[in-house]
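Build the full structure now, drawing on both the sequences and the hints.
Number of protein chains: 2
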Amino acid sequence: MNDRTAATDGSTAIYNGMLLTMDASFHQYDQGLLIIEDSSITYAGPFRQELFSRIAPEQRIDAEGGLIIPGLINTHTHLGMSLFRSLADDSADRLRKVLIPMEKALVTPQLVYYASLHSISEMLLGGTTTCADMYFFADQSARALQESGMRAVVGSSLSSAAGPDAAEFSEGLERLRELMQACEHSDLTTAAAAPHAPYSLEREDLLSVSRFAADHRLPVLSHLAEMPFEEPYTLERYGLRPVPFYDSCGLIDDRSVMAHCIFASEEDRKLLISRSCGIAHNVSANSKSAKGIAPAYEFYRAGARLGLGTDGPMSGNTLDMVHLLGMTAKLQKLKEHDATVMQARAVLETATIGGARALHMEDRIGSLEVGKKADITVFSVASPAMFPIYDPYSALVYSASPSDVSLVMIDGKIVSSQRRLHTIDTAAVREACRTFTGQIAAKML
Amino acid sequence: MNDRTAATDGSTAIYNGMLLTMDASFHQYDQGLLIIEDSSITYAGPFRQELFSRIAPEQRIDAEGGLIIPGLINTHTHLGMSLFRSLADDSADRLRKVLIPMEKALVTPQLVYYASLHSISEMLLGGTTTCADMYFFADQSARALQESGMRAVVGSSLSSAAGPDAAEFSEGLERLRELMQACEHSDLTTAAAAPHAPYSLEREDLLSVSRFAADHRLPVLSHLAEMPFEEPYTLERYGLRPVPFYDSCGLIDDRSVMAHCIFASEEDRKLLISRSCGIAHNVSANSKSAKGIAPAYEFYRAGARLGLGTDGPMSGNTLDMVHLLGMTAKLQKLKEHDATVMQARAVLETATIGGARALHMEDRIGSLEVGKKADITVFSVASPAMFPIYDPYSALVYSASPSDVSLVMIDGKIVSSQRRLHTIDTAAVREACRTFTGQIAAKML
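Chains as they are written, first to last, in this note's numbering: chain H, 1135 to 1579; chain F, 1135 to 1579.
Derived by calculation from the structure, the hints in this document are not laboratory data.
Check each hint, because a few of them may be wrong.
Repeated chains share a single entry, so a pair holds when one copy, or any two copies, can fit it.
Lysine-lysine pairs mimicking DSS-like chemistry, simulated, CA-CA at most 30 Å apart [unchecked claim]:
(1) Lys1577 / Lys1425
(2) Lys1425 / Lys1231
(3) Lys1577 / Lys1231
(4) Lys1577 / Lys1238
(5) Lys1425 / Lys1469
Laid out in structure tokens, this is it:
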């Protein structure tokens, strides 16, 4: 509870809901009040009539008895992949046999732009306010994110092999420079370097990425310790396990976010944590692909910068962070053979302030505190599954659906309310996407 | 595809959607047509203008391009427990320390009636048309189900110890007789005997239940091979593992539905399958309680009568069958270390015709075929996660949310449309429930 600035007539209030601040002491207020001025929170605490009275009536947002939380943070996804959703599901080796040839043939800047808008629609409606993305033609994803008013770290995917947006590694760096330009004047999108994985770039290219990212102070997004074949590969070629190998390339530091880390040993985890590296845990994708259950609870209790991610919509198959909450709790309980680990509040932490820490943005987002950006999600409690609520964290983690999200604010602006998006024309986006889904379906035949 | 009877003016049609029949050959029709007369399906096949023309315009239901499937079947739940949802979640031994004392103190016929109505609201809105329930004061659950127009097998919970509705076992049989009376004149609700578990009834009481159920041709619902302590218990007392022990009591046959079976060995599974016993797989509850992943895929591929269940809303914590679909697939893939097992169509099978087989009702429900009861769920494809759809089974299993359900018909009657229930006043039910949730909250302090 704090009251740094007096609210002015231009401020907005969110009231009549239970406020879960997710601050360091997990302050919560049965009847909470948030006051937002421009893009920032100027009051977060119990309802106070004298503050509320100063807000113009049309600037008062009634949470209708719902749960008010920091916006959800998706720490790993591939926005441009939504048009591949449900393709060849359950089939063996689908990424190599179906997806990669499909990407080479069909991924264009236009596809990435519209697929990203479609992905962003799903995320905003489901209460996600920030994501970390990595894909091809990332300047197009950045454009879609900027138009949608969503906060993001946007990574340009880099590989030593030819890909949809680059014939070779050096051309990939050109794409990254274009992305940096596209993000230059945006407060919401941050450009990042995204080397794909230890096995898809040569060591010299990984070292180039590392130097480039250091020179430009860019975040680094990558996949690490995800594949069963990864450890034999790096051991044979470099005499190191994947995590120490990446570290030897200078890729594990306080600007890095490593996705998956399923096969991270205790030693690997210590290294990742000691370097302040962010970890993106992707429970839905990792289970659907039968890869395994990452040691998320071990990361959590050792103090890692641990966030949750949906992975791409071809892997997960949704961009639904709400559904990940319960799965994260349940699969860690199974892994640890203990129903008391990875409790509901801890899970919500990973989805909010934990995700902010994973993206090294905890100074700006992840909790509802004075001075932080106003990234806010309100859950309605009208649906049957949301009653009764003896514990609001349990309700969010074990009962909520993405459709319970009733309001989403990013950077002080309302982007979705009553299940309607304010910044994206979803029907027009779907119509534009049909050109590409038609091409994909034709190629599958 | 079949056309047994000509549609009359009194018939209803559902059109403009993809029809997934879930019949023995998994027939599906991109532009399907269902015709319903009274409570039954009289046509299920491709759209045919000459049939459609005979339906009165006001009896034509536009599925709006959605997916039309058999109503979902929840093969194991405890309707009366919804008011305990989220209570002491993540705490050790919560059933024994919190729930059982709470039930003894507070469970009344009134609580069971209103809690059941609240549970049924959630199930109907989420596309579930049939459930198998077991709890105390089961005549009250039957009453709530009948008022709601939901199909169900309703079990009266039996124990050798004193419970909320019976001081001793013989009194429990009285409750069961009351339930049988309550279901006597209902087409929708079938009374069942529900001995709680191998460890909660003495052998002589289990034998009594078995004889009583055989005499009255009642279904038998129970928990089996669920608890880690169950096997040492029956081995020590009876020299048999739980499944053979139950079999020795005459409880495993073609009227039985056994919930969980997490610890069923290969031999146990063979016995259960050879007896035509139904199996209720409860992935959400079993993972939340860290008990383990039941061998559902092993049951499935061996031809078991396998259905899915939510378990009670204190365990699961929802009655959401849609969310179970993806979890069932993902956790079996993890268990089998193989992304190609428990494919989407197989999962939808367990949630529909498989559930019907588990409840021994496959002659009446579980698929969309001529002569079957008109229990039908329509999923909208309007939400972003439901586009694109290259495989409708994948879309339902990996992408759908319960809020995508746009229409639910049971026994030929519409019970929910456009997310509005036709048979339950949800606001009034919630208001009535507040008396009980207040008592529960007070007792927790």
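Within a copy, between copies, both or neither: which one fits lysine 1577 and lysine 1238 at a CA-CA cutoff of 30 Å? This pair counts as within: shortest intra-copy Cα distance 12 Å, inter-copy 62 Å.
If the cutoff is 30 Å on CA atoms, where do lysine 1425 and lysine 1231 land: within, between, both or neither? Let me know, please. within (18 Å within a copy, 36 Å between copies)
Could you figure out if lysine 1425 and lysine 1469 sit no more than 30 Å apart (CA to CA) within one copy, between two copies, both or neither? both (13 Å within a copy, 10 Å between copies)
Within, between, both or neither: how does the pair lysine 1577, lysine 1231 come out at a Cα-Cα threshold of 30 Å? Cα proximity of lysine 1577 and lysine 1231: one copy only (13 Å, versus 58 Å across).
Given identical chains, is lysine 1577 near lysine 1425, meaning Cα to Cα at most 30 Å, within a copy, between copies, both, or neither? within (28 Å within a copy, 44 Å between copies)
In summary, this structure violates none of the numbered hints.
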